Amino acid sequence: MADDDDKNGTKGGKKKSSKWGKGKTDPASWWEKGCKSPNPKGRPKGSKNQKTLWKEASEKKIKITIDGDEKTMPKKEVAYHQIANKAAAGDMKAIGIQLQLDEKFDPPETSPPTIEESAADYETFEAWLELRETFKVFKRKTDDDGGSA
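The sequence shown begins at 12 in this note's numbering and counts up by one.
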């Protein structure tokens with residue numbers, strides 16, 4: 012009896028390796044075809060997953076009053092208004108959130124290079140080309156040069 016496996020399939024405190032591989036189960040433990048299902052009701056038709064529930068909840072429209080006017084807008088949009096109002100009131104956490112949203116949705120515009128910057132770039136490129144030709148850097152050996160590639 013001391014040599015028999017215990018309930019956990021271990022022998023002498025060591026874990027028994029599975030011959031079916033990681034994440035695989037023994038086919039003998041599978042549910043047999045034609046037998047009663049272990050989950051007879053299963054997932055009900057029309058049930059929604061978490062992503063759908065979240066999307067529906069955040070896109071649901073509600074009525075709010077802004078500056079005395081009653082408006083209807085999605086909850087997500089109301090949340091953006093609340094963040095902006097709290098940031099304007101000095102709430103540091105709301106200011107941080109607003110800065111993150113600004114970076115994500117309203118990045119600063121980049122201006123095209125000036126004529127002077129373009130000219131300097133061109134001069135640098137010409138100097139690099141001259142050095143490349145002088146030292147024959149980045150040039151492959153061809154059959155004409157006598158080298159074998």
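Worth flagging that the hints you see were computed from the coordinates, not collected in a lab. Incorrect hints may have been included.
[Said to hold, decoys possible] Restraint ranges, calculated between C-beta atoms of paired labels, are given here:
| no. | residue 1 | residue 2 | range |
| --- | --- | --- | --- |
| 1 | His-92 | Lys-56 | 33 to 39 Å |
| 2 | Asp-132 | Ser-69 | 29 to 35 Å |
| 3 | Ala-138 | Lys-33 | 38 to 44 Å |
| 4 | Pro-118 | Glu-81 | 32 to 38 Å |
[As the list claims (entries may be wrong)] Derived BS3-like pairs (lysine-lysine); straight-line CA-CA distance at most 27 Å:
| no. | residue 1 | residue 2 |
| --- | --- | --- |
| 5 | Lys-66 | Lys-35 |
| 6 | Lys-87 | Lys-66 |
| 7 | Lys-62 | Lys-44 |
| 8 | Lys-47 | Lys-66 |
| 9 | Lys-33 | Lys-71 |
| 10 | Lys-97 | Lys-115 |
| 11 | Lys-47 | Lys-74 |
| 12 | Lys-82 | Lys-72 |
| 13 | Lys-47 | Lys-71 |
| 14 | Lys-66 | Lys-56 |
| 15 | Lys-115 | Lys-62 |
| 16 | Lys-97 | Lys-59 |
| 17 | Lys-115 | Lys-104 |
| 18 | Lys-71 | Lys-87 |
| 19 | Lys-56 | Lys-33 |
| 20 | Lys-97 | Lys-86 |
| 21 | Lys-72 | Lys-44 |
| 22 | Lys-47 | Lys-35 |
| 23 | Lys-72 | Lys-62 |
| 24 | Lys-87 | Lys-97 |
| 25 | Lys-44 | Lys-71 |
| 26 | Lys-44 | Lys-33 |
| 27 | Lys-62 | Lys-52 |
| 28 | Lys-87 | Lys-74 |
| 29 | Lys-72 | Lys-104 |
| 30 | Lys-71 | Lys-35 |
| 31 | Lys-86 | Lys-62 |
| 32 | Lys-72 | Lys-115 |
| 33 | Lys-66 | Lys-44 |
| 34 | Lys-71 | Lys-82 |
| 35 | Lys-86 | Lys-74 |
| 36 | Lys-56 | Lys-74 |
| 37 | Lys-59 | Lys-72 |
| 38 | Lys-72 | Lys-52 |
| 39 | Lys-86 | Lys-104 |
| 40 | Lys-59 | Lys-71 |
Here the structure is a predicted model, which is why all the values come from computation and not from measurement. Ideal Cβ placement from N, Cα and C applies to all residues, glycine included.
Going down the list of hints, with the structure as the test:
A hinted range of 33 to 39 Å for the beta carbons of His-92 and Lys-56 is consistent with their spacing of about 38 Å. Take Asp-132 and Ser-69: their Cβ atoms lie about 47 Å apart, and the range 29 to 35 Å is violated. A hinted range of 38 to 44 Å is violated for the C-beta pair Ala-138 and Lys-33, which are about 58 Å apart. Checked against the hint of 32 to 38 Å, the C-beta distance between Pro-118 and Glu-81 comes to roughly 34 Å, which is consistent with it.
Simply put, Lys-66 and Lys-35 have alpha-carbon atoms about 35 Å apart, too far for the 27 Å limit, and the pair is violated. The hinted pair formed by Lys-87 and Lys-66 meets the criterion: a straight-line CA distance of about 10 Å does not exceed 27 Å. Simply put, Lys-62 and Lys-44 have alpha-carbon atoms about 33 Å apart, too far for the 27 Å limit, and the pair is violated. Taking the CA atoms of Lys-47 and Lys-66, the gap is near 36 Å; set against the 27 Å cutoff, the hint is violated.
For the suggested pair Lys-33 and Lys-71, the alpha carbons sit about 43 Å apart, so the restraint of at most 27 Å is broken. Note on Lys-97 and Lys-115: the hinted pairing holds, with a Cα-Cα distance of about 19 Å set against a maximum of 27 Å. Proposed proximity of Lys-47 and Lys-74 is contradicted: the alpha carbons are some 50 Å apart, above 27 Å. Distance restraint check for Lys-82 and Lys-72: the Cα-Cα separation of roughly 10 Å lies within the 27 Å cut-off, and the hinted pair is therefore satisfied.
A threshold of 27 Å between alpha carbons decides the hint, and for Lys-47 with Lys-71 the separation of about 41 Å lies outside it, so the pair is violated. Proposed proximity of Lys-66 and Lys-56 is supported: the alpha carbons are some 19 Å apart, at most 27 Å. With a C-alpha separation of about 22 Å, the suggested pairing of Lys-115 with Lys-62 holds against the 27 Å cut-off. For a cut-off of 27 Å, the pair hint linking Lys-97 to Lys-59 is broken: about 34 Å separates their Cα positions.
As the CA atoms of Lys-115 and Lys-104 are separated by approximately 17 Å, the hinted pair is consistent with the 27 Å bound. Between Lys-71 and Lys-87 the alpha-carbon distance is near 8 Å, which keeps this suggested pair within the 27 Å criterion. Between Lys-56 and Lys-33 the alpha-carbon distance is near 32 Å, which puts this suggested pair outside the 27 Å criterion. Taking the CA atoms of Lys-97 and Lys-86, the gap is about 16 Å. The hint holds against a cut of 27 Å.
Annotation: proposed proximity of Lys-72 to Lys-44 is violated, straight-line Cα distance about 48 Å (limit 27 Å). Note on Lys-47 and Lys-35: the hinted pairing holds, with a Cα-Cα distance of about 23 Å set against a maximum of 27 Å. With a C-alpha separation of about 18 Å, the suggested pair Lys-72 and Lys-62 falls inside the 27 Å cut-off, and the hint holds. With a C-alpha separation of about 16 Å, the suggested pair Lys-87 and Lys-97 falls inside the 27 Å cut-off, and the hint holds.
For the given pair, Lys-44 sits about 44 Å from Lys-71 by alpha-carbon distance, which is inconsistent with the 27 Å threshold. Between Lys-44 and Lys-33, the direct Cα distance comes to roughly 24 Å. Compliance with the 27 Å bound is thereby established for this hinted pair. As the CA atoms of Lys-62 and Lys-52 are separated by approximately 23 Å, the hinted pair is consistent with the 27 Å bound. For a cut-off of 27 Å, the pair hint linking Lys-87 to Lys-74 stands: about 13 Å separates their Cα positions.
The suggested pairing of Lys-72 with Lys-104 holds, with an alpha-carbon distance near 26 Å, which does not exceed 27 Å. Restraint check: the Cα-Cα separation between Lys-71 and Lys-35 comes to about 43 Å, which exceeds 27 Å; the hinted pair is violated. Under the criterion of a C-alpha separation no larger than 27 Å, the hint pairing Lys-86 with Lys-62 is consistent with the structure, at around 16 Å. Taking the CA atoms of Lys-72 and Lys-115, the gap is about 24 Å. The hint holds against a cut of 27 Å.
About 38 Å separates the Cα atoms of Lys-66 and Lys-44, which puts this hinted pair outside 27 Å; it is violated. Using a Cα cut-off of 27 Å, the hinted pair Lys-71 and Lys-82 holds, with the two alpha carbons roughly 13 Å apart. Taking the CA atoms of Lys-86 and Lys-74, the gap is about 9 Å. The hint holds against a cut of 27 Å. Distance hint between Lys-56 and Lys-74 is unfulfilled; the C-alpha atoms sit about 32 Å from each other, more than 27 Å.
As the CA atoms of Lys-59 and Lys-72 are separated by approximately 20 Å, the hinted pair is consistent with the 27 Å bound. Between Lys-72 and Lys-52, the direct Cα distance comes to roughly 34 Å. Violation of the 27 Å bound is thereby established for this hinted pair. Between Lys-86 and Lys-104, the direct Cα distance comes to roughly 20 Å. Compliance with the 27 Å bound is thereby established for this hinted pair. At roughly 16 Å between alpha-carbon atoms, Lys-59 and Lys-71 fall within 27 Å of each other, so this suggested pair holds.
In the structure shown, a violation is registered for the earlier hints numbered 2, 3, 5, 7, 8, 9, 11, 13, 16, 19, 21, 25, 30, 33, 36 and 38, in ascending order.
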